[in-house]
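Trainee: The primary structure of each chain is shown beneath.
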Amino acid sequence: MIQVDELIAVVTNHDGQPVSFDWRGSHYLATGVPVRWYARKSWWREVDQAPKGSSAEAIEVEMWRVRAQCDADSGVFELIHSNPSDEWKLVRVI
Amino acid sequence: MEVGASYLVTGFTHLNFASAYSAHYGVNRPEQAVAFAKQFGFDALAITDRDGLYGAAKHIAACIENKIDPIIGVSLEVTDQISLGRVVIIAHGHNRGAGWSSLCRIISKAHQKKKNEKPSIDRKDLAELAQQEIANCTVLIGPDSDVGKAALFDPSKASVLLDGWLEHFNTRGCLAIEVFSHLTEPGTSYSNDHARALISLADYKKLPAVLTNAARYLEPDDALTADVLDSARYLEPLGIFLPQPNAQAWLKPPNDMASLALEITGDTKMAKKLLSTTEQLTDRCRINPVEDCDWGNPKTPEKQLLGIEGNPFEVLWQKTHSAIDYRYPGAKPSLVTEVQHQLSKELITINKLGFSTFFLTVADVAQMIRDMRIRIAARGSGAGSLVNYLLGISHIDPIEQGLLFERFLSTERSTLPDIDIDVESSRRHEIYRAIFKRYGGDRVTLLSMQSTYRGRGAIRDSGLALGLDEDQIDQIAKSSWRFSARSFRAALEVKPELAKLANQVGKNRKLNLLVDLTQRLDRLPRHISMHPCGVILGDNRLLDLTPTEPSGLGLPMSQFDKDDMDPLGFLKLDVLGVRMQSTMAYAVKEIERVENKTLDLDSVATDDKDVFQLIRTTNTLGIFQIESPGQRELTGKHQPTEFNDLTLQISLFRPGPMKGNMISPYLDGRHGFIQPDYFHPDLKPILEESYGVVVFHEQLMRIMKVMTGCTLAKADEMRRKMAKPALKQDIETYFKQSSLARGYQLSVVNRVWQVLEGFGSFGFCKAHGAAFALPTYQSAWLKTHYPAEFISGILTHDPGMYPKRLLLAEARRLGVELWPIDVNKSTDEYFVEVISGAKGVRMSLIEIAGISTPEIQRIIKNAPFRDIADFYTRARPSRKTIMRLATIGALDSLSSMEATRGDIIQKIREITTKPAPNINPSQNELDFSVTEQLPEGNPDFTHNQQLELEMGLTGMDISGHLLDKYLPMLDDLGVSRANELNTLRGNTEVLIAGIRVATQTPPMRSGKRVVFISLDDGTGCADATFFDEAQARCSDLLFNNRLLLISGKLRRTGKNGVSVLAENAWDLNQLWIKWERGERLAG
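Just so you know, the sequences run in chain order D and R. With numbering that gives the first Met the number 0 applied, the first sequence corresponds to residues 0 to 93, in that order. With numbering that gives the first Met the number 0 applied, the second sequence corresponds to residues 0 to 1082, in that order.
This is chain D alone, in the form it adopts within the complex:
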């Protein structure tokens, strides 16, 4: 498992699932159905304030696990999808 921390460009389908992405010059295509889950954050170490109604963004983060392939190179990739900025970040390659 490799820890990564890089913003990447991701193409998603109608349901918001990643279909393909680019990483370090390679174009990866998702094979199989990506799985989404929500992981939590340690907001008490990170945020400056937490007034009521601020947002759930401080507490949890949307994660995706995608099996993807680029030519002969395939692997399982874990991505973070940040709302509302709609940024994607690659965090782990398994």
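Just so you know, not all the hints are guaranteed correct.
Said to hold, decoys possible - Pairs of lysine-lysine residues, derived as DSSO-like cross-links and limited to a Cα-Cα distance of at most 27 Å, are as follows:
no., chain 1, residue 1, chain 2, residue 2
1, R, 494, D, 51
2, R, 205, R, 123
3, R, 123, D, 40
4, D, 51, R, 499
What the hints assert, rightly or not - To be clear about the criterion: a stretch of chain D counts as covered by chain R if any three or more of its residues have a C-beta under 8 Å from a C-beta of chain R, and this derived list gives those stretches:
no., stretch
5, 34 to 41
6, 67 to 79
Unchecked claim - Counterexamples of contact, computed for chain R against chain D with all Cβ distances above 12 Å:
no., residue
7, 80
8, 186
9, 236
10, 314
11, 464
12, 609
13, 629
14, 722
15, 745
16, 985
None of these hints come from the bench; they were simulated from the model. The beta-carbon is built from N, C-alpha and C at its ideal position, and this holds for glycine as well.
Could you slot chain R onto chain D? The hints should help.
Mentor: Relative to chain D, chain R alone:
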């Protein structure tokens, strides 16, 4: 997916929702949750709080209001030797309460635990209570159960564990599998994988599977509050314990839940089945509040328990009518007619409301309390009812006092009235136990209350969550009384005294967070405890209608609070312990013992001239309600002469009337300084008693009636509405139109409305004032006629605001002897003892610093003692205690007259160096010689030494007054004594001296601080007022020094109203040192 799944939904209901009444777990109140559910189109909502139905009544009420169906359940831990985790148990509805009562009894059973054990229910008990031939409840086996935990990793083990449940729950529909997914990392708890594993298991075992979201908050943002609550529950900072996995446990709308079902199952047909099964269970669990919970239907003990046969109304009619002779002996025919007329009116109302049994129940309890020879008095608006007077619930004659029944009860309101009963505080628990015994444990429970987060607690728990330094949290928490936690942030910005904290908050990230978290916690329920005085009485179905849990007292208490009583139709009785009632009962007992005569304090006439004369001297220490410095001053100005004056004085001396400046016009009218203004001749009979000032609710009601022609019942309704700004306008319109239509002049109407409008916050219920005035009069009567017995009562039960040493000074002033502490005579009480014809009070052992209850008990049990060694051997006091007893002279009676205190102390030093000898049971004689030899030649204490030792060891100057030693200096300086002040002219320059017994800084209209000091010099209390300039000279002294000399000008405020307008103050001890040295004293 979200759009794609909506076709699946025909309806969805959350069957697992923990409200804020799951203390330290749920985030939102039931009312919020129901409004939220309504907004998102749900037609039902469950509340399934942890361990109880704490929020259930509020949930049902909110559902009724929002027209959705309530569903009620509980989350409980189940055990079968080992813990089986938590399950949710939901009551079935529309079965005439079978589901509701099963649920109540399951919860009560779960709480029958040893102290400090968490609630949990044995699986066999649960099975037995949840099903009787048919299922009354459904148990949801979910991810937090033993089955659910195993299902994720070991499906075959889960299957075996589920068999364990199926063995016990064999009726159809008693078990279901609960499925939820919080969309956690694949393969972990609460993930889609976990949910799928449970669905497979349910299919395999042919059990229904239902979808929930195990919700504990309304919106994702609330998850942050849930994190803080988790920290408070685990008592650990965030980051130390395993937190909730994410923010998914919210009350997701129907479409989201349908999408979730599809995401979990990955199959439309399976998703549909999951959702439709959920709806089937929902329909089975919809509660009909009236049918299932007996909602709103008043419940009282069965007639036979109250000793009633036949129609309760007829019994009430009979009982009240037959008491007329007793309450109005020898009354004139006109009065009897008035009584009968009023009685009929009240009885008609009571009958219309169907409350006859309620009144008979309260009367039965009152009679039981009297039979126990415990003093009882009604408090509050209940004293306005003639029925209550005739039933012996109240001792105030409402006709004589001009009280109104309509203030207490009317057909305009159909809620069960509150009847509050005051009893002797020291015997309150005895009464609770007697009520349980009389009506049976299945008809009685205590009332509970929920304490909620306020500033201090919210700051502490938020600080704990953030791992802030404890001292730092303490510092901030201490300032929290300055603002409401909810507006912490706003207060930081505007309050100058918080500027330092605001500055810190601005610089420190965690402190900044602390502010937000504190605001989030504010008002959330924290824990349940016993209500200080509420008892619930019902019929034999009571325990089917409320779950109970043990209270601190050992007796069971309901999980519902006082606000739930009326909606649920529960009869709540407030039995308040009042120390003054204990004091008076004790004094009466002492009178009976010492004087050998019986005394019924409640039938003493309330027009005794001597009593009012005593009150007018302002020597009111110890008298109920009028002993404070402020009341004393008012007494001096007011000079009450009859019972109604006491009612007026008590009603006027409150922050509202004082701020509203109502006292001066009243006093001016009373003393003839001004002509009272009655607005209109029609109002004169109403306002005459208070010289034109509207003091009482009852007066406002009568004015409404006279001027608008409405009924008194309607008048009271309008009085209530006037307190609400939104409704006031309607009342104003009605009042003005109706009174104008009845011919009153516009100027009169406008002026009267102005008074009524401003009256809102100042008015007082006269029945309440009169109910207070009775013990005021009774305690004054005892003080007047039986000072020794009364003093022994107030010393024993300590009902007042002053230190005991001041009561001793008062006793001396009244000529009551004070007999010193003596181990051969003293007990744990103060009692009257007559020695050579002189009545005095024997001081009690309880005041000795550090003496333990067992030590006191051994002394009482073994007295009398022959000598010091005998005392030491049989009473087995600690070395410290025997030394202290000797020092203050409590052992003097154990030695010869010639022995000095020093000799006795020396003797004790000798015997306590050896361990106390054990008593040999076969030989009752002691090791010490029969005639005890004391050392000789040790010095005695001087009087002043003695006084200081007494103060140090008992907090009281028993053998004299602390000021005694200063008398030569005070005479030298020309200091006036407290009892001389009243003989001096106004504006005389005076010096007063004494022990500071009260310091008050009441809020003033001007906003400036004024300090009131009361000094006791043994002849009474002298009061001094310090304004700005005087404070500047000596403010340190005013709050810190016990002994003061004050200079100032005498101010006369009324016939017996005198106080000193202070100019300066000195420390009496400092002066004494100089005076003894012969130095000239400045000033």
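Trainee: Could you work out which earlier hints the structure fails to respect and list their numbers in ascending sequence?
Mentor: 3, 6, 8, 9, 11
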